[in-house]
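Participant: Starting from the known structure of chain A, fit chain W onto it as the hints suggest.
Number of protein chains: 2
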Amino acid sequence: MAKELKGALIIGQSGGPSSVINASAYGVIRTALDADCITKVYGAQHGIKGVLADRLYVMDEEDAGELERLLYTPSSALGSCRYKMADPDKDDTDYKKILEIFKKYDVRYFCYNGGNDSMDTCNRISKYMKKAGYECRVMGVPKTIDNDLYGTDHCPGYGSAAKYIATSLMEVGKDARVYDTGTVTIVECMGRHAGWLTGAAALANLTERTVDLIYLPERDFDMDRFMADIDRVYKANGNCLVAVSEGVHYADGSFVSEAKTSATDGFGHAQLGGLAALLAAKVKAELGCKTRAVELSILQRSAAHCASGTDIAEAFASGKAAVEAMLNGETDKMVGFVCDRTNGYKCEIKLFDLSDVANFEKKVPAEWINADGNDVTAAFVEYALPLIQGETPMEKENGLPRFARLKKVFAE
Amino acid sequence: MAKELKGALIIGQSGGPSSVINASAYGVIRTALDADCITKVYGAQHGIKGVLADRLYVMDEEDAGELERLLYTPSSALGSCRYKMADPDKDDTDYKKILEIFKKYDVRYFCYNGGNDSMDTCNRISKYMKKAGYECRVMGVPKTIDNDLYGTDHCPGYGSAAKYIATSLMEVGKDARVYDTGTVTIVECMGRHAGWLTGAAALANLTERTVDLIYLPERDFDMDRFMADIDRVYKANGNCLVAVSEGVHYADGSFVSEAKTSATDGFGHAQLGGLAALLAAKVKAELGCKTRAVELSILQRSAAHCASGTDIAEAFASGKAAVEAMLNGETDKMVGFVCDRTNGYKCEIKLFDLSDVANFEKKVPAEWINADGNDVTAAFVEYALPLIQGETPMEKENGLPRFARLKKVFAE
Numbered sequence: 008m009a010k011e012l013k014g015a016l017i018i019g020q021s022g023g024p025s026s027v028i029n030a031s032a033y034g035v036i037r038t039a040l041d042a043d044c045i046t047k048v049y050g051a052q053h054g055i056k057g058v059l060a061d062r063l064y065v066m067d068e069e070d071a072g073e074l075e076r077l078l079y080t081p082s083s084a085l086g087s088c089r090y091k092m093a094d095p096d097k098d099d100t101d102y103k104k105i106l107e108i109f110k111k112y113d114v115r116y117f118c119y120n121g122g123n124d125s126m127d128t129c130n131r132i133s134k135y136m137k138k139a140g141y142e143c144r145v146m147g148v149p150k151t152i153d154n155d156l157y158g159t160d161h162c163p164g165y166g167s168a169a170k171y172i173a174t175s176l177m178e179v180g181k182d183a184r185v186y187d188t189g190t191v192t193i194v195e196c197m198g199r200h201a202g203w204l205t206g207a208a209a210l211a212n213l214t215e216r217t218v219d220l221i222y223l224p225e226r227d228f229d230m231d232r233f234m235a236d237i238d239r240v241y242k243a244n245g246n247c248l249v250a251v252s253e254g255v256h257y258a259d260g261s262f263v264s265e266a267k268t269s270a271t272d273g274f275g276h277a278q279l280g281g282l283a284a285l286l287a288a289k290v291k292a293e294l295g296c297k298t299r300a301v302e303l304s305i306l307q308r309s310a311a312h313c314a315s316g317t318d319i320a321e322a323f324a325s326g327k328a329a330v331e332a333m334l335n336g337e338t339d340k341m342v343g344f345v346c347d348r349t350n351g352y353k354c355e356i357k358l359f360d361l362s363d364v365a366n367f368e369k370k371v372p373a374e375w376i377n378a379d380g381n382d383v384t385a386a387f388v389e390y391a392l393p394l395i396q397g398e399t400p401m402e403k404e405n406g407l408p409r410f411a412r413l414k415k416v417f418a419e
Numbered sequence: 008m009a010k011e012l013k014g015a016l017i018i019g020q021s022g023g024p025s026s027v028i029n030a031s032a033y034g035v036i037r038t039a040l041d042a043d044c045i046t047k048v049y050g051a052q053h054g055i056k057g058v059l060a061d062r063l064y065v066m067d068e069e070d071a072g073e074l075e076r077l078l079y080t081p082s083s084a085l086g087s088c089r090y091k092m093a094d095p096d097k098d099d100t101d102y103k104k105i106l107e108i109f110k111k112y113d114v115r116y117f118c119y120n121g122g123n124d125s126m127d128t129c130n131r132i133s134k135y136m137k138k139a140g141y142e143c144r145v146m147g148v149p150k151t152i153d154n155d156l157y158g159t160d161h162c163p164g165y166g167s168a169a170k171y172i173a174t175s176l177m178e179v180g181k182d183a184r185v186y187d188t189g190t191v192t193i194v195e196c197m198g199r200h201a202g203w204l205t206g207a208a209a210l211a212n213l214t215e216r217t218v219d220l221i222y223l224p225e226r227d228f229d230m231d232r233f234m235a236d237i238d239r240v241y242k243a244n245g246n247c248l249v250a251v252s253e254g255v256h257y258a259d260g261s262f263v264s265e266a267k268t269s270a271t272d273g274f275g276h277a278q279l280g281g282l283a284a285l286l287a288a289k290v291k292a293e294l295g296c297k298t299r300a301v302e303l304s305i306l307q308r309s310a311a312h313c314a315s316g317t318d319i320a321e322a323f324a325s326g327k328a329a330v331e332a333m334l335n336g337e338t339d340k341m342v343g344f345v346c347d348r349t350n351g352y353k354c355e356i357k358l359f360d361l362s363d364v365a366n367f368e369k370k371v372p373a374e375w376i377n378a379d380g381n382d383v384t385a386a387f388v389e390y391a392l393p394l395i396q397g398e399t400p401m402e403k404e405n406g407l408p409r410f411a412r413l414k415k416v417f418a419e
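Order-wise, the sequence lines are chains A and W.
In this text, residue positions in the first sequence follow this note's numbering: the first is 8, and each later residue adds one.
In this text, residue positions in the second sequence follow this note's numbering: the first is 8, and each later residue adds one.
Bound-form chain A, shown alone (with noise of 0.2 Å):
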C-alpha cells in the first residue's frame, strides 16, 4: 500500500470531444468525492488552460443526481481546449505557473481526459512536478473517437462513434437505394490519420450489404482506382454507398481533400472536410450518376442518443481506475484496456506509461485492410463489434436528451 497522500484532485478535459468523455470524467470524480484522503475536487475549466488562469469549478459543489447525468452527457462538460505545452527545457513559464496553482489549491492529484496530445501534457507535467520535487500524481484518461491511442486495446469514445456511425449507414443505405434511378451516396467520417472511424462502416454490413467501398488513411489513395471501384459496383448494381476518411491522402502525402481548405487546429493540424462533397461531384462530372455527399461531421462525437452501452461503462471505469490507481500511489501512467475476444469480450483496465503513449498514434493493421484497399477484413469486424454492444438508458424528458446541468461554482 503506498503512503497516504492528503490533497485536492484537479480533472481537465481536453481534444476534441466525445460521447463519454463525461462518463469519465464522473469516474474520476466521483470515485475522487468519495476517497476520504481526496480533500477537494477540482474541474479545470477549458483544460489546462484552467488551470494556467486560475478558473476552476469545485466539483463538490454539484448536485449528485446531475453529475451522475454527466454518464450521457456529450461533448466536454468541463470545457475543452487545443492547447500545446512548450518544452519545458525552453520554455517553463506555463509549468511555473501550474505548480502555483496547484500550491495554492494543494492539488497532490491531476488527471488529464483527452487524446494523444493530452497524453503528451499529461507527461510533461508529470515529469516537470517530478523534477521541482512536487509530490503530485498524475494519470492520463484517454478519451478519442479517432481510437488512435497507442498501448490500449481501444479508446473510450470510440464505441459510441463506431456505433453511430454503423447505425446511420445502414439507415442512409436504406434511404440511397429506395429509388430505382440509382446513386452513388459518398459519407465522410473523421479520422486523420487512423482509419477506425471510417472502418466502422464495415458494422453496418453485418445482416446485409449495405457499405460497398471503404477507404482509410493508412492506404495510399489513388483517384484512378477510386472512380474504377465505384464505376463497377455501380454498373453491377445501380447503386454504390461510400465511406470515406477525411484523412485520405495520395502517395505524396497531400491530403486528397486539400484543395478545399487551408485551415489548421491549434495544433497545427490540416482542419479537413468537404471531401464528401469534392468526391461526390467529381464522380457525377465523370461517371454522370446522381450522387450524394453526407458529411458525419460532429454528428458522430457527439450523438450521444446513440452511444454504446459498453463504451459509456468503460469510459466510467476507465476515469474510476484511475483515481483508485493514484489513491494506491502510481503515477505518470495512462489507463487503458486489455481485451479479450476468444470466448465472449473481456476488458481489464492496464496501466501504460505515459512516455509510451504520448504522440504516437496507432494505427489500423495492414492486414484487417482488404488487398484492394477498398474494404476491412473480418478481423476488423470482431475487433469493433463488441464495443457498439448496448444501449445508453438517457433519460428523456419532453422527448429529447436530459443532459447533466452544472451550477460550476469557480472556486475562490
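I should point out that these hints are in silico values taken from the structure, not numbers from a laboratory.
Don't take every hint at face value.
To be verified - Which chain A residues stay away from chain W? Per the calculated CB distances, all over 10 Å, these:
hint : residue
1    : Asp43
2    : Tyr112
3    : Arg216
4    : Tyr257
5    : Glu355
6    : Ser362
Claimed, not checked - The list that follows gives simulated cross-link-like pairs (lysine-lysine, DSS-like), each with its CA atoms no further than 27 Å apart:
hint : chain 1 : residue 1 : chain 2 : residue 2
7    : A       : Lys415    : W       : Lys297
8    : W       : Lys403    : W       : Lys414
9    : W       : Lys353    : A       : Lys403
10   : A       : Lys242    : W       : Lys414
11   : W       : Lys289    : A       : Lys291
12   : W       : Lys289    : A       : Lys403
13   : A       : Lys353    : W       : Lys403
14   : A       : Lys91     : W       : Lys297
15   : W       : Lys291    : A       : Lys289
16   : W       : Lys242    : A       : Lys415
17   : A       : Lys353    : A       : Lys91
18   : W       : Lys289    : A       : Lys289
19   : W       : Lys357    : W       : Lys137
20   : A       : Lys47     : A       : Lys111
21   : W       : Lys91     : A       : Lys291
22   : W       : Lys415    : A       : Lys242
Note that the Cβ used here is the ideal one computed from N, Cα and C, for glycine as well.
Facilitator: Leaving out everything else, chain W in the frame of chain A:
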C-alpha cells in the same frame, strides 16, 4: 354500411422516404391482410412505376414478424419513385396501363403513400377510374418529413425528423461550445418551401438556449441581416449556432444556395444542398471567426433509431384508417389528422378530399415566425412538441437496428 367490394389492394410508396413511411405501409398491409373482402395485398415496386411495369410484390407471402418490423424500418421498403403523371386529358397512356393492371389483378383498392405530388397522382388515378367506370376505391396515406400537406394538422414522418433535428442540435450545441475560442456553427435542415423542419430546431431550446438563430424559407432571406445577426450573437456570447433551411431564398425567389448547383429532381424541383458550407465560408471570410457547417442531409429523414414513438403510432394508425375507410366505401380521400392541444394532446383521424390536398403546400404561419425573422415563436414549439414524444421500441441485433427483411415475391 357501404356495399361490400371484393378484390385486391395495391399499396405504393412515392417521393422522398421518411423514418416512418413503412409504419404507414404496415398499417395498410396488416389491416388489408386481415380484411375478409380484400383478396390479395400487393406492394408496388417503386410506387406507380411498379404498377405501370407490372412489378408487384405479394405481401401475403411475407412473414408476419418481418412485416411488423416495418414499423421500425426507415426508407420506403417497397421502393419509391419520383414520377409525374401526365394530365389524362392530354396523354392517357399511363392511365390505360394502370387500368389494365388493376383489371388483371382485380384491384379494387389502391393506397398511395407519399407527399404532395403523390396525392396528385392518387387524385388523377381516382378520377380516371371513375370516368372509366371501373370501381376502385382510392386513398392517400400522407408521408412527408416536410410536413407541408394541406388540411392535416401534421404529416407522419415529420415528428421523427423533428425529434432527430432537435436531438442532434442539442448534441451539436454541446459540442460547438466546448472551446473558449468560439465557433459559428451552421446547420442546414431540409425543407424547400416550408420551414417546419428547420423550425424544429427551436425544440432544442426548451431547457437551455442552444440554437441562437433560425431561418425559414417563409421569410425572404437578407444576407446583410443574416451576417449582422451572427455578428451580434457571436460578439455577445463568443459562439453562435444557426439552423437554416436549405430552401432560404432572396426576395426575388432565387435560392441562396443556387449558385452551388443546377441539378433538378424528377419533378423539376431544384435539388438543393451545400448551403451550410456556403454560408459558413461567407461568415468566416467576413467575420473572421472559426466556422463549421453541418448538413443533416438524408440522415434527418432516415434516422429510425431516433424516431418518435408518437409518430410511429400515428403513421400506423393512418395506414390502418385508410383501409378501414375504403372498406366503408370511402374513396378519393387522404387520411389526415385533427389535433387538440388544449388539455394535453389529442389526435383524431379525419378524411380530406384529395383534390383539396393535391399540390398545395402548407407553410409555417407567418405569426409563428418572430418579427426579426430569425426565430420561431412559442406557438410553433407548442405545436411541434407533442409530435416528438415517445421513443422507438426498435429491436437491436448486434447493437444495431434490426430492420424488416422482406422476401419480395413478385406476383405472376
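Participant: Confirm or reject each hint.
Facilitator: How the hints compare with the structure:
no. : hint                   : verdict
1   : Asp43                  : holds (33 Å)
2   : Tyr112                 : holds (21 Å)
3   : Arg216                 : holds (13 Å)
4   : Tyr257                 : holds (23 Å)
5   : Glu355                 : holds (21 Å)
6   : Ser362                 : holds (27 Å)
7   : A:Lys415 with W:Lys297 : holds (26 Å)
8   : W:Lys403 with W:Lys414 : holds (20 Å)
9   : W:Lys353 with A:Lys403 : holds (21 Å)
10  : A:Lys242 with W:Lys414 : holds (24 Å)
11  : W:Lys289 with A:Lys291 : holds (26 Å)
12  : W:Lys289 with A:Lys403 : violated (37 Å)
13  : A:Lys353 with W:Lys403 : holds (21 Å)
14  : A:Lys91 with W:Lys297  : holds (19 Å)
15  : W:Lys291 with A:Lys289 : holds (26 Å)
16  : W:Lys242 with A:Lys415 : holds (23 Å)
17  : A:Lys353 with A:Lys91  : violated (35 Å)
18  : W:Lys289 with A:Lys289 : holds (24 Å)
19  : W:Lys357 with W:Lys137 : holds (23 Å)
20  : A:Lys47 with A:Lys111  : holds (13 Å)
21  : W:Lys91 with A:Lys291  : holds (24 Å)
22  : W:Lys415 with A:Lys242 : holds (23 Å)
In summary, the structure is inconsistent with hints 12 and 17 from the numbered list given earlier, while agreeing with the others.
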